[in-house]
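*Asks:* Below are the chains, spelled out letter by letter.
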Amino acid sequence: MTGRRTVYEIYWEILVYCKSARSFTAIINRCDLNSKTAQEYLEFLTSKGYLATVKEEEKIRYVATPESAEYVRLFSTLYQKLFDSGPGFRLG
Amino acid sequence: MKPVVNQFRTEVGYFCLVSTMNLVVGAIAIVSGLLYIIASVLGLTNSMASPELRLLTGVVAMICFGLGVSAFHTTRRISAGVREVRDLLDAQDPSLSYERITCLIVRMLAHYREIRRTLGTVILIGPLCGLCLFLLGILTSLETFSCGPGSFSITLDNRITILAQVLTLAILAANLASSYYLTKFAVAWNNRLAEIEESECALKASLGLDEP
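Here the protein sequences line up with chains A and B, keeping their order. Using the numbering used here, read the first sequence as starting at 148 and increasing by one per residue. Using the numbering used here, read the second sequence as starting at -1 and increasing by one per residue.
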């Protein structure tokens, strides 16, 4: 995903993508991040307990924990609420 | 969730429609501007009343061409990202998942943050483009004009005037309409960005970032 995203949007993307275990490379590719910032985001989410690391075939993978569900749900609710009202016109 | 999907889909669809209208008018302005520049420079428009009028037409045509290029380029830039979102929406199952629709909303918001300033330019350039085309229409249909102290008279060629003026008026109206709708979109999306900023406190708290 390109464009300007807020840090909360990036956290949400990472958590949703990591519903199943993902490698670091897969996360930076999918979430369009550079490795330095991705490392910071992953460290933050891991420190908060929203992401856990698992070892699969000698590779470290990240997976979202059940604690992250509340954030993901709150984020989705807030963003979908934005469309309760439209621009206030109809073209057809 | 259904109303959210419908509202989002409708807005994205209308945005694409309005931007297509802007693209078409931009292309018309480019072609018309170019044709009138060539005609004025080479003096192909023999019907024109005076060389001054030809010069004036050339200047307006150049402005029209420049505005057309600018309108076309900027509209293409802003509409590319929206079209991507629309294509993704169209490719989805009608019963979009909760996460998928949020993902597309995030994508659209990220794109809107990028095009926010450019959209302002498009809103401004559009009507100017239409106005230039309208002026070109008037200048072309001028048969004679005279200007004296306290008096000003013009004679319009009726054969050209009716069709050309109706056409240029329609283009001007289309441009004004597209600017109006784009302004409405911009206001709605700016409000959404403001709402997001407000709701960031809740997200912050959820992440435990507001703890001392």
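If you're looking for bench data, these hints aren't it; they were derived computationally from the structure. For each residue, glycine too, the CB sits at the ideal point set by N, CA and C. Be aware that one or more of the hints could be misleading.
What the hints assert, rightly or not - Restraint-style ranges between C-beta atoms, simulated for each label pair:
hint	chain 1	residue 1	chain 2	residue 2	range
1	B	29	A	170	45 to 53 Å
2	A	166	B	75	45 to 53 Å
3	B	171	A	166	34 to 42 Å
4	B	191	A	207	32 to 40 Å
5	B	191	A	166	41 to 49 Å
6	A	214	B	75	36 to 44 Å
7	B	29	A	154	40 to 48 Å
8	A	231	B	98	17 to 25 Å
9	B	74	A	193	37 to 45 Å
10	A	154	B	160	15 to 23 Å
11	B	174	A	213	22 to 30 Å
To be verified - To be clear about the criterion: a stretch of chain A counts as covered by chain B if any three or more of its residues have a C-beta under 8 Å from a C-beta of chain B, and this derived list gives those stretches:
hint	segment
12	157 to 171
13	221 to 227
*Asks:* It remains to establish, for every hint, whether it holds in the given structure.
*Replies:* Against the structure, the hints come out as follows:
1. 29/B with 170/A: 45 to 53 Å: At 52 Å between Cβs, range holds.
2. 166/A with 75/B: 45 to 53 Å: 34 Å, violated
3. 171/B with 166/A: 34 to 42 Å: About 50 Å separates the Cβ atoms of residue 171/B and residue 166/A, which means 34 to 42 Å is violated.
4. 191/B with 207/A: 32 to 40 Å: Given about 36 Å between the Cβ atoms, the range holds.
5. 191/B with 166/A: 41 to 49 Å: With Cβ atoms ~28 Å apart, the hint is violated.
6. 214/A with 75/B: 36 to 44 Å: At 41 Å between Cβs, range holds.
7. 29/B with 154/A: 40 to 48 Å: 46 Å, holds
8. 231/A with 98/B: 17 to 25 Å: 19 Å, holds
9. 74/B with 193/A: 37 to 45 Å: Holds: the Cβ-Cβ distance is about 42 Å, inside 37 to 45 Å.
10. 154/A with 160/B: 15 to 23 Å: 59 Å, violated
11. 174/B with 213/A: 22 to 30 Å: Violated, since residue 174/B and residue 213/A (Cβ atoms, about 54 Å apart) do not stay within the stated range.
12. 157 to 171: Our answer is that it holds, as 4 residues pass the Cβ test (under 8 Å) against chain B, meeting three.
13. 221 to 227: That given contact holds, which follows from 6 residues of the segment 221 to 227 of chain A lying within Cβ reach (below 8 Å) of chain B.
Going down the numbered hints, you'll see the structure goes against 2, 3, 5, 10 and 11, while the others check out.
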